[in-house]
Amino acid sequence: MTTTDPRPPGLPADLPDNDHKPLGHGRMHRKEDPRFVRGRGRYVDDVQLPGMLHLAILRSPLAHARIVSIDTSAAAAHPKVEAVVTGADLAAQGLAWMPTLSNDVQAVLATDKVRFQGQEVAFVVAEDRYAARDALELIDVEYEPLPPVVDVRTALAPDAPVIRDDLEGKTDNHCFDWETGDRAATDAVFERADVVVSQDLVYPRSHPAPMETCGSVADYDRVEGRLTLWSTTQAPHAHRTLYALVAGLPEHKIRVISPDIGGGFGNKVPIYPGYVCSVVASIVTGKPVKWMEDRSENLMSTGFARDYVMRGEIAATRDGKILAIRTHVLADHGAFNGTAAPVKYPAGFFGVFTGSYDLEAAYCSMTAVHTNKAPGGVAYACSFRITEAVYLVERIVDCLADELGMDPAELRLRNFIRPEQFPYRSKTGWVYDSGEYETAMRLAMDMAGYEDLRREQAEKRERGELMGVGVAFFTEAVGAGPRKDMDILGLGMNDGCELRVHPTGKAVVRLSVQSQGQGHETTFAQIVAEEIGIPPDDIDVVHGDTDNTPFGLGTYGSRSTPVSGAAAALVARKVRDKARIIASGMLEVSVADLEWEKGSFHVAGDPSKSVTIQQIAMAAHGAGDLPEGLEGALEAQICYNPENLTYPFGAYICVVDVDPGTAVVKVRRFVAVDDCGTRINPMIIEGQVHGGLTDGVGMALMEMVAFDEEGNCLGGSLMDYLIPTSLEVPDWETGHTVTPSPHHPIGAKGIGESATVGSPPAIVNAVVDALKPFGVRHADMPLTPSRVWDAMRGAATPPI
Amino acid sequence: MQVTMTVNGEPVTREVEGRLLLVHFLRDHLGLTGTHWGCDTSNCGTCVVWLDGEPVKSCTVLAAMAGGHEVRTVEDLERDGRLDPVQRGFVACHGLQCGFCTPGMMMTARALLDRNPDPSEQEIREAISGQICRCTGYATIVRSVRWAAAVERGEAGEVGEAGEAADEAGGPDVEPAAEPVATGGAQ
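Chains as they are written, first to last, in my numbering: chain A, 1 to 800; chain B, 1001 to 1187.
Keep in mind that the hints were calculated from the coordinates and are not lab data. Treat each hint with caution, since some may be false.
Simulated restraints, written as ranges between beta carbons of each label pair [to be verified]:
hint, chain 1, residue 1, chain 2, residue 2, range
1, A, A633, B, S1129, 50 to 58 Å
2, B, S1129, A, D151, 35 to 43 Å
3, A, D128, B, S1129, 50 to 58 Å
Computed footprint of chain A on chain B, listed as stretches where at least three residues anywhere in the stretch have a Cβ under 8 Å from a Cβ of chain A [as the list claims (entries may be wrong)]:
hint, segment
4, 1010 to 1017
5, 1032 to 1044
6, 1058 to 1070
7, 1073 to 1087
8, 1090 to 1103
Sample of chain A residues with no beta-carbon within 12 Å of chain B, all distances over it, derived [as the list claims (entries may be wrong)]:
hint, residue
9, R40
10, V246
11, R318
12, Q518
All residues carry an ideal CB built from backbone N, CA and C; glycine is no exception.
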């Protein structure tokens, strides 16, 4: 069942109303905010330990070069320097290379040659962060420059220099091939289709750029052989296991603490060389060591996002029935394949490129290559490449609408998967759990005043004004994932949860996922409160500390609520089941005669005979007898293995004005209708949507990590890599429908990345719509004034 | 070199290197870690503090330059155990998520309200335009500042049950929020 509740901005209803103190789901201010507004957040760089040293990394100035020699003598002689370490030093310990999350290897410190600008070459450990940086200047590295591979299109040319000669037998820059769907069936549909539209699309390389850069503090206790690592990680448990496997430290002697994280967006999923360097440095010096990268290091060396060169083809009937989609993708994976995705999914979840439409056939082939650029590939709130997939389908659907002369909203409405078709198996094998797409689309059109916008646009066009209306509809696949299909380096993507109710009825819930700003301390308290009737205030949420939480794979790909949220609900139900047995003893009735009313059990037919969960908690820990066979205490632990992914969806409409004189794009309005199933805290959900929409403005109009012919990174600072400020974004207009997931214990689907996925095509579609008087069918992101100006002059070029 | 300044009302004297940035002086030497370091180019604004009442980016000020001057940081917004209306506004209107940009945003907002008790949405957007938030999309930050402005103008009626609750040290706010923006006609 789908329900709707539009919340346009400006109305009181859009403010966090905290309508009542919820004993479960509902609007509620965040439990974590009191420390943040006092400046008392606890981030990694806030960790200060006695005797702590500081680590700085020397990075390659060249994109591709052989290391001839490294002279560290002057740096080592610096009075404040305690250690200087090179790749050769690490190689002697077997630590120069580490596995990536995609079964490739990556250099911790370069030994043979450097493969991208900004690659780690050596590190210095010194008494303070300034001295560490000074000493980097004293290291003398002699490089023999090699020709770089920068253009993804020529990376496989026979004469292209081979980047990965570290891999035995490697003679080219090929990374992997991948395909999905039915090629023959798709080709056959294309053969007989009335209309076929093709469009080349580039999704440029971008970067999550969280406000807090990556860093760590390693504290190795030589006597106990115990490592404590404070780290900016979205996946503390997975990292602990990988450190154990890589460094050979016993896993029970490693404690990873992920404290408050200043934004992640996927940037803090991989293990970076800097983390490993800090561990090595602490082992070498016997002292705590802090590594905190600067902004340029963050932008130039840590996980980038996107970088897909795509050809999209769509086949349809003359009256607008979409029949098939075919695509080929050239994927730039950089120097090392550092993609953080389930191992059976080298292209992430790009396979959902069939979008929200009922097709007859679909096929994708992909070729991934290495270039002399930083590794990464899955980051920036992309839901494992669904950003790229949604951009592809939503852009070519608009191209088809242009070809057919149809309204783009109408074309989508004609082709949606219908409610009665769920669960729906797509032509690439994904089983969509639930959806009512038309309801969401029509709500967005109502909120936007779609017909009025089109009328206004027609009037403005007559006056030579450039107004555009862009429509996009997306379906995500999140909550990875079922362990039969999904693992990261052999670790099944399941999450544990532990709940303890103390004797006085207060509780602590321990999670394997880790917030980077999503408000888990509030949301998860609410999930448990809803199930067990203890107020959220009385439930403490513990996360981000491997010694104090159960194992699980962490927070990314919008998986916290779909996976860990399910675990929290189920563990609470398990505790409630035990509480029911205790209550039956307290009330001296059979279990079957008890009825649960959030927070208490009462005897069926006699509400006056009841016990609260708090009374039950005390009895569970008390001196009196418990029902036979029952252990004391009131607690439980589970590990949740999702049955399927969840499929949030949404309808977005963007209105832009383009200045005909300067080609500056102004996003005037943005209407976002999201359906994430059951809504736990609407205030937090809307906040997540707002942030993702802003990402979309960034990617569509501003953000790109560019490179010159020599492989120099041209996006290595916030002066060059442009992120939206308060002046580039409008006030957001959000609405929602609610279509619960049928297989999730509370029907929730996840919301963290929906808006980042759905908004870029809406904005690009709006800009292209505005440029229709110039005959423009497509222009690639980022739609900066100069690129829009070129498009207006009929000279649009790809950004790479 | 020796540097002496007033930080959050307290005189402070330390021996520092001449090149030490104010942001590192505050964080590493005084332990005031509410002020953050997010870029090297004065673009992000997570480091904003007040220097003699003016918001400045403390990554672009030497500690030595602050000698003889007054510095105010986020840790000083709460006075006598009571949160500043700006702090309460950020809680009430969900003006923060990861919290990293929040101290800088609040210091700029406080300075704005001291000069302009009734800023328009556009004036707020311009005031914070030198700072980046990667989480909120800014709309809730704008609302937070307007909430604080309405409270300070006394237009909020029974103001800030939300804020009152947030005042309790470490105590979360789950009470119904007043809606001063709506009652003040601000939207």
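Hints, one by one, checked against the model:
no., hint, in the structure
1, A633/A - S1129/B: 50 to 58 Å, "54 Å, holds"
2, S1129/B - D151/A: 35 to 43 Å, "36 Å, holds"
3, D128/A - S1129/B: 50 to 58 Å, "34 Å, violated"
4, 1010 to 1017, "violated (count 1)"
5, 1032 to 1044, "holds (count 12)"
6, 1058 to 1070, "violated (count 0)"
7, 1073 to 1087, "holds (count 7)"
8, 1090 to 1103, "holds (count 13)"
9, R40, "7 Å, violated"
10, V246, "28 Å, holds"
11, R318, "41 Å, holds"
12, Q518, "7 Å, violated"
Of the numbered hints listed earlier, those contradicted by the structure are 3, 4, 6, 9 and 12.
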